[in-house]
Amino acid sequence: MTAVTERVAAAPAHTGPPSPRWAGRRLAPYLFVFPAVALFAIFKLYPIGWSFWLSLFRTDGALQTFAGAANYQRLAGDPLFWTALRNTAVILLVQVPVMLALAIGLAVALNSPLLRFRGFFRLGFFMPMVTGLVAYGLLFAVLLNPQFGLVNWVLGLAGAAPVPWLTDTLWARIAIGLALTWHYTGYNAVIYLSRLQALPQDHYDAAAVDGAGAWNRFRHVTLPGLRPVILLTLVMSTIGTLQLFDEPYVMTNGGPDNSTMTLGLYLYNNGFKFFDFGYASAIGYALAVIIGILGIVQFRFLGDRS
Numbered sequence: 001m002t003a004v005t006e007r008v009a010a011a012p013a014h015t016g017p018p019s020p021r022w023a024g025r026r027l028a029p030y031l032f033v034f035p036a037v038a039l040f041a042i043f044k045l046y047p048i049g050w051s052f053w054l055s056l057f058r059t060d061g062a063l064q065t066f067a068g069a070a071n072y073q074r075l076a077g078d079p080l081f082w083t084a085l086r087n088t089a090v091i092l093l094v095q096v097p098v099m100l101a102l103a104i105g106l107a108v109a110l111n112s113p114l115l116r117f118r119g120f121f122r123l124g125f126f127m128p129m130v131t132g133l134v135a136y137g138l139l140f141a142v143l144l145n146p147q148f149g150l151v152n153w154v155l156g157l158a159g160a161a162p163v164p165w166l167t168d169t170l171w172a173r174i175a176i177g178l179a180l181t182w183h184y185t186g187y188n189a190v191i192y193l194s195r196l197q198a199l200p201q202d203h204y205d206a207a208a209v210d211g212a213g214a215w216n217r218f219r220h221v222t223l224p225g226l227r228p229v230i231l232l233t234l235v236m237s238t239i240g241t242l243q244l245f246d247e248p249y250v251m252t253n254g255g256p257d258n259s260t261m262t263l264g265l266y267l268y269n270n271g272f273k274f275f276d277f278g279y280a281s282a283i284g285y286a287l288a289v290i291i292g293i294l295g296i297v298q299f300r301f302l303g304d305r306s
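FYI, in the UniProt record's numbering the residues of the sequence shown are 1 to 306.
Be a bit skeptical, because a hint or two may be false.
Quick list of the computed label-pair ranges, beta carbon to beta carbon [as the list claims (entries may be wrong)]:
(1) A36 <-> T167: 46 to 52 Å
(2) G105 <-> L157: 40 to 46 Å
(3) G213 <-> F32: 18 to 24 Å
(4) F148 <-> V90: 26 to 32 Å
(5) L31 <-> T167: 23 to 29 Å
(6) F117 <-> P97: 28 to 34 Å
(7) A109 <-> R58: 50 to 56 Å
(8) L157 <-> R58: 22 to 28 Å
(9) I290 <-> D60: 24 to 30 Å
(10) T65 <-> G240: 33 to 39 Å
(11) W53 <-> V98: 38 to 44 Å
(12) P29 <-> T65: 27 to 33 Å
(13) V209 <-> L31: 53 to 59 Å
What the hints contain is simulated information worked out from the structure, not anything from laboratory work.
Bear in mind the structure is a predicted one, so any value in this text is a computation, not a measurement.
Where is the CB? At the ideal position from N, CA and C, for every residue including glycine.
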């Protein structure tokens with residue numbers, strides 16, 4: 001027995017090349033990941049790099065000339081760019097907080113055990129999200145049409161004056177805000193609802209034992225528990241609003257008087273209406289920088305500080 005042990009211990013270690021089976025096992029994960037990485041590089045990284053290269057050129061018809069940073073300098077002196085940025089900021093600062101507040105209230109209501117047919121209501125409030133952007137934009141354009149829209153017809157039955165929803169600068173912004181709120185509130189409410197259902201009931205019971213009323217339980221238990229998903233939906237809504245295109249394009253085409261011209265629509269007009277792809281690419285990169293800065297600020301002030 002001792003001799004066998006000594007012979008095994010004295011056997012030299014294998015130092016040759018790895019077997020084909022072992023090499024295949026090591027390469028297998030990379031082979032599975034490679035298609036996804038290749039697709040990401042082709043359809044994401046390449047367009048990002050190419051658009052930056054385009055932003056360094058000035059387009060005049062079919063002629064492209066190298067312009068360096070001229071397109072970015074042009075942004076600073078372009079009044080329509082700043083108008084689009086201001087319009088987008090108004091929607092971001094007014095519509096998004098209202099939408100998220102409504103979504104939180106809706107999620108709390110849908111989570112209440114006192115509500116009957118909760119499954120039906122959850123499905124009903126989420127259904128607008130599955131509607132195509134162009135489809136629901138056209139729907140609201142018809143409903144809010146100043147001449148033959150259903151909304152003004154109902155207002156007329158109630159004795160109210162018709163509202164110039166899509167032809168007045170203020171009401172056009174309100175119309176787009178209403179459309180966005182209708183489309184995305186239920187989606188955000190479902191996200192909040194999933195988080196509410198994961199909160200321990202013991203926290204609410206302990207707060208009730210301490211004498212906390214419904215409002216205090218909402219302030220000190222519900223809102224802190226929702227904080228991570230509030231940050232998530234705020235960042236997602238910020239990105240979506242800054243890229244807003246479909247609704248103003250379908251409902252108002254940026255009018256009246258550029259009051260609903262957004263950065264996304266202005267980028268589209270420069271690229272596919274005026275074929276100034278260099279300037280459109282510069283607008284896209286400026287938009288990406290704005291989104292990055294706002295995302296950092298939001299995570300800095302609303303992120304988990306623990």
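Outcome of the hint check:
1. A36 <-> T167: 46 to 52 Å: holds, 48 Å
2. G105 <-> L157: 40 to 46 Å: violated, 29 Å
3. G213 <-> F32: 18 to 24 Å: For G213 and F32 the Cβ distance comes to about 55 Å; the hint is violated.
4. F148 <-> V90: 26 to 32 Å: The hint (26 to 32 Å, Cβ to Cβ) holds, given that F148 and V90 are roughly 28 Å apart.
5. L31 <-> T167: 23 to 29 Å: violated, 59 Å
6. F117 <-> P97: 28 to 34 Å: holds, 29 Å
7. A109 <-> R58: 50 to 56 Å: holds, 55 Å
8. L157 <-> R58: 22 to 28 Å: With a Cβ separation near 56 Å, L157 and R58 fall outside 22 to 28 Å, so the hint is violated.
9. I290 <-> D60: 24 to 30 Å: holds, 28 Å
10. T65 <-> G240: 33 to 39 Å: holds, 35 Å
11. W53 <-> V98: 38 to 44 Å: For W53 and V98 the Cβ distance comes to about 40 Å; the hint holds.
12. P29 <-> T65: 27 to 33 Å: violated, 47 Å
13. V209 <-> L31: 53 to 59 Å: Between V209 and L31, where Cβ atoms are some 58 Å apart, the hint holds.
The structure fails hints 2, 3, 5, 8, 12 (numbered hints given earlier, in ascending order).
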